[in-house]
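A.B. asks: Please model the entire structure based on the sequences and the hints provided.
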Amino acid sequence: MDVNGEQLIITGAWIQTIGAGVASIGNTLIATENEDSENVGGELYVLGNAIEATGNAIKAIGRTNNLTKNNEDETLGTMGAWFQAAGNLTNVIGGSEALTGKKEEGLKIDILGDVVQSTGAAFEATISSISDSAYAGLITTGQRIQSFAVAIEAIGLLYIKRGKVKLGQQIVAIGSYGQTAGAALAAIGFTKRFNIKE
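Throughout, this note's numbering is defined as the position within the sequence shown, counted from one, plus 14.
No lab work stands behind these hints, which were simulated from the structure alone. Be aware that a few hints might be false.
As the list claims (entries may be wrong) - Derived lysine to any residue pairs resembling SDA-like cross-links, with alpha carbons at most 20 Å apart:
1. LYS117 to ILE210
2. LYS175 to GLU111
3. LYS117 to THR68
4. LYS175 to THR46
Stated by the list, open to error - Here are the simulated distance ranges between beta carbons:
5. ASP50 to LYS178: 19 to 27 Å
6. GLU119 to THR140: 30 to 38 Å
7. ASN53 to LYS122: 14 to 22 Å
8. GLU52 to GLN21: 35 to 43 Å
9. GLY177 to ALA150: 36 to 44 Å
10. SER147 to LEU181: 37 to 45 Å
11. THR205 to LYS122: 33 to 41 Å
12. LEU181 to GLU119: 20 to 28 Å
13. ASN209 to GLU119: 21 to 29 Å
All of these numbers come straight from a predicted model, not from anything done at the bench. Quick reminder that beta carbons are idealized off the backbone N, C-alpha and C, glycines included.
C.D. replies: Here is the structure:
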C-alpha cells in the first residue's frame, strides 16, 4: 500500500474513533432524566456521527488508493468503510429529525443507519480476518466489536420505538461505548500495522 493510503486509513480510523466517542457521550446524556441534557446529547450524537462519517470516508479513500495498487482483496473492506460512512450520514439525518421534533421518523432513519453501519463494519472485519498482515487479528477484533455494538444500538432503538424508552436508551448507550472501544482497537491495529518497518 502506498504511504498516502496508509496515512489516510490511520487518520480516518482515529477520526472515526473520536466521532464514536462524541456520539457515546451524547447517547449517555440522552439516557439521563434531564431534558436539557437530552437536547445536548442529541446534538452530540449528530456531531459524533458526522465526525465518524468523515473518518470512515477518509478510510475508504485510503483503501481505494490501495485498490489502485493491484490489491483487489481490499474491495470488500473499501465497500465496508463506505457503508459505515453512509450509515453515519443516515444517523445524522435521523438524529437531526429527532432534534426537530420528528422523533418517530428520526427513529426509523436511525435504525436504518445502524443496520448499514453494522453491515459495513462486518464487511471490513471479513476482509481483515483473511489478511495475513501484521495486527490483522487486532483490527478484525475491533471491527467485529463495532459491528456487534452498532447492532446492539439498533436493538436499543427498536426498544425505544416500542415504548420502552428508558431501557432502549440504556441499550443504545452501552452499544455506543462498545462501538467506541471497537473503533479504538481497529485504529490501534492500523497504526501499529502501518508503522512496522519491513
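A.B. asks: A separate judgement is required for each hint: does it hold in the structure or not?
C.D. replies: Right, here's what the structure says about each hint:
{"no.": "1", "hint": "LYS117 to ILE210", "verdict": "47 Å, violated"}
{"no.": "2", "hint": "LYS175 to GLU111", "verdict": "15 Å, holds"}
{"no.": "3", "hint": "LYS117 to THR68", "verdict": "25 Å, violated"}
{"no.": "4", "hint": "LYS175 to THR46", "verdict": "18 Å, holds"}
{"no.": "5", "hint": "ASP50 to LYS178: 19 to 27 Å", "verdict": "23 Å, holds"}
{"no.": "6", "hint": "GLU119 to THR140: 30 to 38 Å", "verdict": "32 Å, holds"}
{"no.": "7", "hint": "ASN53 to LYS122: 14 to 22 Å", "verdict": "21 Å, holds"}
{"no.": "8", "hint": "GLU52 to GLN21: 35 to 43 Å", "verdict": "38 Å, holds"}
{"no.": "9", "hint": "GLY177 to ALA150: 36 to 44 Å", "verdict": "43 Å, holds"}
{"no.": "10", "hint": "SER147 to LEU181: 37 to 45 Å", "verdict": "41 Å, holds"}
{"no.": "11", "hint": "THR205 to LYS122: 33 to 41 Å", "verdict": "37 Å, holds"}
{"no.": "12", "hint": "LEU181 to GLU119: 20 to 28 Å", "verdict": "22 Å, holds"}
{"no.": "13", "hint": "ASN209 to GLU119: 21 to 29 Å", "verdict": "44 Å, violated"}
Consistency note: the structure conflicts with the earlier hints numbered 1, 3, 13.
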